[in-house]
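Trainee: Going by the UniProt record's numbering, the sequence shown opens with residue 1, and the numbers climb by one from there.
Simulated from the structure, these hints should not be mistaken for lab results.
One thing to keep in mind: the hints can contain errors.
Stated by the list, open to error - What follows is a list of derived Cβ distance ranges for each label pair:
id, residue 1, residue 2, range
1, I146, R104, 28 to 34 angstroms
2, S133, S162, 37 to 43 angstroms
3, S162, I111, 50 to 56 angstroms
4, S133, P171, 20 to 26 angstroms
5, V173, Y110, 48 to 54 angstroms
6, P171, L140, 16 to 22 angstroms
Just so we're clear, the structure is a prediction, and the values are computed from it rather than from any experiment.
Cβ atoms here follow ideal geometry from the backbone N, Cα and C, with glycine treated the same way.
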Amino acid sequence: MGCNQSKTQDVSRARQDGTRTRQNGGSRSGSLSQGPTSRPVGIGHELVKDIKSSGVAMSYTDTREGEFDYLKKIIDQTASNLIDVSSTFSPYDQEANASNRDYREHANTYIVKQGLLNGLPRSSASNTAETLSGAPPKDLDWLTGIVTTCSTAAKNGMKVTSTGPIIIHFPEVN
1 MGCNQSKTQD
11 VSRARQDGTR
21 TRQNGGSRSG
31 SLSQGPTSRP
41 VGIGHELVKD
51 IKSSGVAMSY
61 TDTREGEFDY
71 LKKIIDQTAS
81 NLIDVSSTFS
91 PYDQEANASN
101 RDYREHANTY
111 IVKQGLLNGL
121 PRSSASNTAE
131 TLSGAPPKDL
141 DWLTGIVTTC
151 STAAKNGMKV
161 TSTGPIIIHF
171 PEVN
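Make the full structure from the sequences, and use the hints.
Mentor: Pasting the structure below:
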């Protein structure tokens, strides 16, 4: 019977609370009241500072909103102090761009020169070997002329004596 008796007491208390609620204009007297530690969600961080200075413990909501405001302030300050590094060129980037530009110009020059080679007639493999092993045509005529001159001079009685090694100076090719 103890359970039934406590249930009866609970029901009677609930009825009494209901009558008190109607007498107070709809607000329950037994409900939790908002004290200095709780506040509505829309109130700013200034109230939290006042609560800290008054020495009253802060609620979890106040602490969370205060931390969120502080984090937002840090992010805003950091975002205003950032420099977009990708849009600025360093001296190394400028040098790299200049060398890339020079390389492209040289590559285009060689591509154009390779295009000129396509207009030359192709020779057979046997003809190529003979051409490479022989002297160039201009030098061949020059050498033939020197040999002819030396042979006629030798026939006329010119004596050739050995005086040392022959040194031939070639012009520098740039």
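Trainee: Does each hint fit the structure? Answer for all of them.
Mentor: A quick look at each hint next to the structure:
With their beta carbons about 48 angstroms apart, I146 and R104 fall outside the hinted range of 28 to 34 angstroms. Our hint of 37 to 43 angstroms for S133 and S162 is violated, since their Cβ atoms are close to 29 angstroms apart. Range check, S162 to I111: Cβ separation about 53 angstroms, and the 50 to 56 angstroms hint holds. The hinted range of 20 to 26 angstroms is satisfied by S133 and P171, whose Cβ atoms lie roughly 24 angstroms apart.
The hinted window of 48 to 54 angstroms between V173 and Y110 is violated, with their beta carbons roughly 19 angstroms apart. Take P171 and L140: their Cβ atoms lie about 20 angstroms apart, and the range 16 to 22 angstroms holds.
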